[in-house]
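A.B. asks: Residue numbers (the numbering used here), protein chains in the order written: chain A, 15 to 212; chain B, 1229 to 1419; chain C, 20 to 220.
For lysine-lysine, the following PhoX-like pairs were computed, each having C-alpha atoms within a straight-line distance of at most 25 Å: (1) A:Lys152 - C:Lys183; (2) B:Lys1396 - C:Lys32; (3) B:Lys1396 - C:Lys36; (4) A:Lys139 - C:Lys183; (5) A:Lys64 - A:Lys155; (6) A:Lys139 - A:Lys55; (7) C:Lys214 - C:Lys27; (8) A:Lys149 - C:Lys183; (9) A:Lys64 - A:Lys139; (10) A:Lys59 - A:Lys139; (11) C:Lys88 - B:Lys1320; (12) A:Lys155 - C:Lys183; (13) A:Lys164 - A:Lys112; (14) A:Lys194 - A:Lys112; (15) A:Lys194 - A:Lys139; (16) A:Lys149 - A:Lys112; (17) A:Lys119 - A:Lys59; (18) A:Lys152 - A:Lys119; (19) A:Lys59 - A:Lys155; (20) A:Lys59 - A:Lys149; (21) A:Lys112 - B:Lys1360; (22) A:Lys64 - A:Lys152; (23) A:Lys152 - A:Lys112; (24) B:Lys1360 - A:Lys139; (25) A:Lys119 - B:Lys1360; (26) B:Lys1321 - C:Lys88; (27) B:Lys1396 - C:Lys214; (28) A:Lys152 - A:Lys171; (29) C:Lys218 - C:Lys36; (30) C:Lys218 - B:Lys1396; (31) A:Lys59 - A:Lys152.
Because the hints were derived from the structure by calculation, they are not lab data.
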Amino acid sequence: MGKKESTFINMVVSLLLITLVSGLSLGFINDLTIEPIAKAKLDRKINAIKLVLPEFNNNPVEDLVVVKSEFAKDSVEIYPAFKNEEFVGAAVIGSSEKGFSGLVKIMVGFTPDGTIQNIVVLEQKETPGLGTKMKDEKFLKQFRGINPSKFNLKVTKDGGEVDALTGATITSRAFGESVKMAYDEFLKNLDSNNTSKH
Amino acid sequence: MDYIIILIAAVFVNNIVLSQFLGICPFLGVSNKVSTSVGMSGAVLFVMTIATTVTYLLHQYVLIPVGLDYLRTITFILVIAALVQMVEIILKKVSPPLYQALGVFLPLITTNCAVLGVAILALGLEGGSLLKAVFFAIANSIGFALALILFASIREQLELADIPEGMKGVPINLLVAGLLSLAFLGFTGLV
Amino acid sequence: MAETINQKQNFLKGIVKENPVFVMLLGMCPTLGVTSSAFNGLGMGVATLFVLLMSNIVVSLFKSHIPSKVRIPAFIIIIASFVTIVEMVLEAFIPFLYEQLGIFIPLIVVNCLILGRAEAFASKNNLMSSILDGLGMGIGFVIALTALGVTREILGSGSIFDFKFVSEDANTFILFILPPGAFIALAYLSVLFNKISTKTT
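Please build the complete structure, drawing on both the sequences and the hints.
C.D. replies: Okay, here's the thing in structure tokens:
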């Protein structure tokens, strides 16, 4: 079993062969996984939407409305939901840059009159064990069934009605702000949602 | 303003070694003397900046346009390995004193995950531009240098300390690193 | 008979005597970075085990065809290919874990453990020994990461594999799921490991 000598040609040929084989096999696997990856991403979005909205039977991802917003860096995504052609609510993605470690991104589901159905946290980098408790039932449940027009979304410390998380006031503030942003966008686009498609 | 935030975030708040855990191998490996840690930091600054520049351009103008985004990891590591070799050869010819200072550290850098890590993280920067990516790399290597040199200074003192038998060596070093990281935790919320 | 004992040792050395994390201090970045929960530690360990095993197999099979001067770049390409495969498969089928492990998945490439085994072992030994070596080292790595993950999760969140055993709002040692806790927990675990391994040998 002689070792191949390190001549120039040998080196080039063997490296080339290895690269070729690895490139081809990666391309093959990429083709295999590209669909499941797209599907997994879509599934996550749809699951989040299902969690925050009442029952619906359209495909909100297809009816997605993207609006430019003065409150957010990126545009805001609004997913309207319909049941038997009737508008039953919309899921709006709200975000705030003012979390303890930056971006907090949540999805808020509203019924047509603007009442919050449910909220899920999409992205956050808050301190584990403190700020991350915003995902807990205990914190989230105070938002369900309220209408932001009659509820001050600031934390109690700032004169609002949100019970802040212990040790994570900044996170709670950012959370309230994101809900507010989602609500404002929901109101602004309510008419277009109602009439746009059906 | 953006740049100041990137700098403070990379050096203190999200320190690449103490809170992101990149580049732990050299952090634990070449930190027994302050002088070697300074050399290593210099080499990392050099390679990380060049590597991020090259990989950023490559990703933006070659990989994405031809749709070979999934070859990112493999391309980046090859570019870094080749760069390290090239830097070594060029330094040897052009600036022997600099080569003397950094030479021994260069081969170690290929498998320094901080370099590959920063190259990948730089792609995800908000409102990314080449300038921002390069600045990000420089800021992170400063963070790396700060952590490494601080750690080495403490380790030099540790040699004289009376440490319980079972804690000698690795455990005490890890503990010291933990305390350093705890100190850096105090910077969270700064930006 | 001598051969089988040898192989058994070859397999076992990675788990205790040459444990990659506690003894050889290889692959420290993912060890510290992703072990904030037991599940993450296990996931990272298994991903690394897969890459290590596959690269050991391929390197061992083709060792005589790779000229020695370009062996390192060749190994890197082989390893990087398997890492990319792991990356794509995880993103497609276990997106939750993919997100949790984040940047540490592509960084498996620069895990010194894998390149180290390819260079020091697989490029010099036959297929069977390389497989056993890869398995042993990989399992050693999985055990270390899971142990660290379990320790940090118990202390930091009061749960094991997401199964909570304290009440929802009980105070836990949050420190242990924060970065400093990784260093501190690993420090004490390696003291413990040293104690146990010196006693048994």
